[in-house]
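Participant: Chains as they are written, first to last, in UniProt numbering: chain G, 1 to 391; chain P, 1 to 391; chain D, 1 to 391; chain H, 1 to 391.
In case anyone wonders, no lab produced these hints; they're calculated from the structure.
Each residue gets a CB set at the ideal place from its N, CA and C atoms; glycine is no exception.
Any given hint might turn out to be false.
Facing chain G, according to a computed beta carbon distance under 10 Å, are these residues of chain P, among others [to be verified]:
# : residue
1 : 14
2 : 16
3 : 201
4 : 208
5 : 213
6 : 268
7 : 346
8 : 351
Covered by chain P, per the in silico footprint, the following chain G stretches (three or more residues, Cβ under 8 Å) [what the hints assert, rightly or not]:
#  : region
9  : 192 to 202
10 : 351 to 357
There are 4 protein chains.
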Amino acid sequence: MTPVKDGVHGYIELGSLAEALVDTPAMQRLRYVRQLSTVQLVYPSANHTRFEHSLGVYHLASRATDRLDVADDLAARLRAAALVHDVGHGPFGHQTEAAIERHLGRHHDEIGWLLAETELGGVLEEQGLDPDAVAESVDGRGPLGELVSGALDVDRMDYLVRDAHHTGVPYGTIDHDRLVYALRTVDGELAIADGDVATAESALIARTLMNATVYRHHVSRIAGAMLDRASETLLADGAVAPERFARLTDAELLAALEEYGPTADLAARIRDRDLYKRAVWIDREAVPDDLVGIDYGRTGALEREIAAGAEVEPAAVIVDSPTEPNSPESRARIAADGDLARLEERSSLVAGLDACAREIWRLGVYAPADDLAAVREATESVLGLAADVAP
Amino acid sequence: MTPVKDGVHGYIELGSLAEALVDTPAMQRLRYVRQLSTVQLVYPSANHTRFEHSLGVYHLASRATDRLDVADDLAARLRAAALVHDVGHGPFGHQTEAAIERHLGRHHDEIGWLLAETELGGVLEEQGLDPDAVAESVDGRGPLGELVSGALDVDRMDYLVRDAHHTGVPYGTIDHDRLVYALRTVDGELAIADGDVATAESALIARTLMNATVYRHHVSRIAGAMLDRASETLLADGAVAPERFARLTDAELLAALEEYGPTADLAARIRDRDLYKRAVWIDREAVPDDLVGIDYGRTGALEREIAAGAEVEPAAVIVDSPTEPNSPESRARIAADGDLARLEERSSLVAGLDACAREIWRLGVYAPADDLAAVREATESVLGLAADVAP
Amino acid sequence: MTPVKDGVHGYIELGSLAEALVDTPAMQRLRYVRQLSTVQLVYPSANHTRFEHSLGVYHLASRATDRLDVADDLAARLRAAALVHDVGHGPFGHQTEAAIERHLGRHHDEIGWLLAETELGGVLEEQGLDPDAVAESVDGRGPLGELVSGALDVDRMDYLVRDAHHTGVPYGTIDHDRLVYALRTVDGELAIADGDVATAESALIARTLMNATVYRHHVSRIAGAMLDRASETLLADGAVAPERFARLTDAELLAALEEYGPTADLAARIRDRDLYKRAVWIDREAVPDDLVGIDYGRTGALEREIAAGAEVEPAAVIVDSPTEPNSPESRARIAADGDLARLEERSSLVAGLDACAREIWRLGVYAPADDLAAVREATESVLGLAADVAP
Amino acid sequence: MTPVKDGVHGYIELGSLAEALVDTPAMQRLRYVRQLSTVQLVYPSANHTRFEHSLGVYHLASRATDRLDVADDLAARLRAAALVHDVGHGPFGHQTEAAIERHLGRHHDEIGWLLAETELGGVLEEQGLDPDAVAESVDGRGPLGELVSGALDVDRMDYLVRDAHHTGVPYGTIDHDRLVYALRTVDGELAIADGDVATAESALIARTLMNATVYRHHVSRIAGAMLDRASETLLADGAVAPERFARLTDAELLAALEEYGPTADLAARIRDRDLYKRAVWIDREAVPDDLVGIDYGRTGALEREIAAGAEVEPAAVIVDSPTEPNSPESRARIAADGDLARLEERSSLVAGLDACAREIWRLGVYAPADDLAAVREATESVLGLAADVAP
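In isolation and in its complexed conformation, chain G is listed as follows (with noise of 0.2 Å):
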């Protein structure tokens, strides 16, 4: 057992196969992807990475085993499942995902092929684990793969602890000690305690305000759309192929971008913090239903709409329209007599975080300083709405 020391968890111990796997450069890279990629522009101190996390989830996941007495074959694999869950991020984790999945079709919790292609799946199979299953873990299906991926696993206890340590937003702090504790397996199926439904609100609560303050900041949101913007013309100019793309480190995207002509602009203005500010930021009511989670196509389109009604460069209007929010973690089983309930049937606070959830949600339309007034104006004529609620 190595002990390796972490600021959230204190001494983790790395098995030999973790370790093995620990050495490979798939998971080495993730030391250069930042958890909460632009975050770090609003809070300077949140440059944890996701290999750091992804350690920290490998902890949380020994210790669920333990807890839960699984068998030491399933344990072996739940464990590598959460230590290389992360393996398939693209660079900037969250934020070039759908540029990814755009020009490769493939998500980032698809990971089967990763484990076919590199040294990852060799380590696996050394060690007597099937990379398909370990695969089919990550993706949360297969005998108790919602520890890994589902609506309490501990991916989400790992992340929320983490982040709120990294930036110092206390509202992340959840129990997760306190959750490790509560889970029960009832029928082969994941659930907590019945009488630690607090502690199972208390992670879904903690989400919802992590959300509102840190993960859906406006500064975030404007950076991650131009990097999206700027993914996506590398991409479609063939600059970078997809394959080669989803394999870099965040500082290598922005080189390339940087390097490359159409995309040096919104690059430069990434690293220096000379973002795009909000044109338009308009909340849920204030928005007709069909322009909430509209596709690329349409979006593109209405841009250029936008832009040519300001008389701007297109690049000089980004429209923002994010699907409405989903709780994964209302689904959690609970525990009672015996029976299975969802937490949403057990906690009136669901529906309140979700109206919260959907409270936050916005519309933004982002342009350069120079811009903003002339885009406001042909927002509202190209998309009737009246932005008197702009920021």
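Knowing the structure of chain G, use the given hints to seat chains P, D and H on it.
Facilitator: What follows is chains P, D and H alone, placed relative to chain G:
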């Protein structure tokens, strides 16, 4: 300025008024009144006192009055009120509150008499403060009095964080720094900046979760009910005069109860943590409205009736039916565009949290371990309740 | 396994033996004995008790015996010893230790009699443990007894971290996780791995700094000396029998002192923090060797002589000359290449820390504020010391 | 005032000067320079940057100038100096310092040229500050310049606590609050109050222990030495101009090394954490004085000689012989009775800590895993050392 080191806030600077107040016996007494009374029987590290809490409230009040640029005179009054706000508490704080009110007709927030009768009043006057004005602030009245006692007062900001620190339960770690930053005055009324609804919600959430896991923990409720019954006996029998009772420390009350025959058994049980158990523990839905928050007289009548039915001593039955929870935080003002709204109008969470608070309500009937079955049966018969939802 | 939440270690799991021990009155009493006795008069949040500390020591002992793969029988004995190691403490812990030794001839680590006379012994036997063997471990003797009481025992690991958490002074935050990891057994002797000399040093450093800022703070020393004199009077006058005295809680001792005429004034002063002040406070170099660590008889004689010279009541003078500090940690074993060395042989820091400990030594003479000048002058004359280095 | 949330200090308030400085590319670049360079290869959560550290140093400087009541003009200068003190750092901070000095002849603390050549100078002038005066303060010269760079500067106060927070190693948690409180000026010189010798010692201790466990960890030293050799090649071959080199970010340097053939292998090894190992690791006593802190020319000559002896590529041998440690903190001034003394004169610990620092000194010779035996043997022969103390 004398710096005092605090486990929660770091250095707290006491000015000369604060130093003089702290040196009075009335304030020193608070070193011997635990902030969370019997919660230490569940969370063994919860031994912090109303003394250190008072220093913390003073500290936050100082930061808030600085932040709000309150005029010197008023700021001094508010800081003094923050510091002395708990001197009216009896032994074991809230857990003897009802007994004291029954026998003295006085709530712990009414401290005018204390200021008049003890050195505190003299100290205030020497420093140019009007004791009545300070007492008014403690009660949440007068200019900015709500900073000391109101929807989002510094009292709550301190105790949520302090209770989290000392119990080890992380739900109370609200962002008190941010809350102090978010304070505004609008036409002399205290409000939270519009962009900080999530910060205000977090305080409400923290209290809801701390209620569920700490403040309303059944072991603490049982010990509290036992204390209340013993205190009532002591006072009703005239064994201790109510004025003296109200000024005892935790340990002095326990000693008085141990020395007086009729209460010696209850006192020994509390001291040795040999508590009554739950014979019945029923949630809100299963309890008719007229059994919620019943008064002392009716509670005693029910206890005697149940004891008769169970053929046990009257003292062997405790009925505990608290009033329904309320959430003063939901009335916090939010400043938006010059207007003021209430948090409950701006936050979808409030209704969910109210429902959640209602959900953790329980009617309890407690008895010694040997009498549980008999008392349960008698309760079912007397109250006409199906106790199949007993613990 | 019953999990108990602790403010320092998170969840502590109690096995059935631990639960049974915790339920005894002897253990419950420790809830009412503060870990740092009168230090709370300086650091107001230092109200943690020997009860929670005992749980913490048990927790670290459990982790250490797991780590060292100790045989089940011995592990159970060591864990039990860790849990009960403080039951022998009198009220206010170390501050009544000397008075108890004078009148009972017994040190607080000798708990054999307690195990024999109280329920604790029965509980141990029921669970198959020999009370004498447990008492031996508490005293640091027998196999691995030094884990409970020795150069680097789990007692110290817990209290340094816990005292830091509750005072807010960060110097005590040693890396107890690392220390437990670093433990080895070499030929049945406890040792620290060679690569962890810095970890062992850190414990020594932490205690040295905590001594300087917390444990030997002059306010705490004054209150302790006042307690000792009052206790001596109580015991010498037969007002409380020594056996009963040794089992009192902090508050019970204060109450007994307040009730007994000759000690009532000292007790009220401690309660209201109206303490004696330093008339004299001289460092080691200025004090002749024969005045260092003087015995109780000679101390009393000096006090009377000084009081006569100052023309004040004998009780108005307290001479406080502690023995010179020692540092048991410096004898910790370091495992290197199969050999064992002592920390002091491997660490250049030890000598520096010893000198540092010597530097914070002070001879104090304390008196009521009004008598300071007279007592200072009389001390100079009686002891032949130039008190120009007085505070 | 714009509040920025920091994981260590909570809210940091930036005034308008600080905001304008932070918005320059020179400051934004520090977001991409890790504070602890390659330490993240040992402590995976040590990814904090010189950007957030700069904000922290600014925060402590603000508190110190408030505390010391420094005149507004000087306070502004010192705060500005604190904020920009690290802009002169090259990629990977201290680990490319020597290479930059060899090729640019400039130390990172000499930032006059930077202020002159970049926007920073203009921003300072706009706000009425003289760039030369600010540069002087960064270098520790001029009035109270030692607050920015001196025996007990705010730079060190911040990094010790921040490095502890992010590595998870608790030894760095000095009481920076107390240190700021303890600051005094005596005749314009910065000093620590006499009663706070222990506080000053604690900073020295913290750095000594952080050196042993973090800053001088052999894995970090190996990676640093590899970086230095690769940087030297890049610069000596003219592949990157020294002026440009000094302004790269961590990732940009790694990319440049990966792209340039002769350094590609070293760069890939650092990226994938496939580092050289210790062929030789000898402590101070076993090394003759003339091999301690040898210059670059002689180091290269020895490497070539050892490589020849071992029959490996010259690049496969790295000799790493640091200079002996010094401890600037020991020169901190202590204010006593109007006099000033040095910490080393008042503290018995300093000598012990110096000896301790000497003890952790090691001469290392590093090589790829396959060449270890050959390189070890050749080193013994070339240096005439018995490497029996190798790792």
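Participant: Hint by hint, which ones does this structure get wrong, listed from lowest number up?
Facilitator: 1, 2, 6
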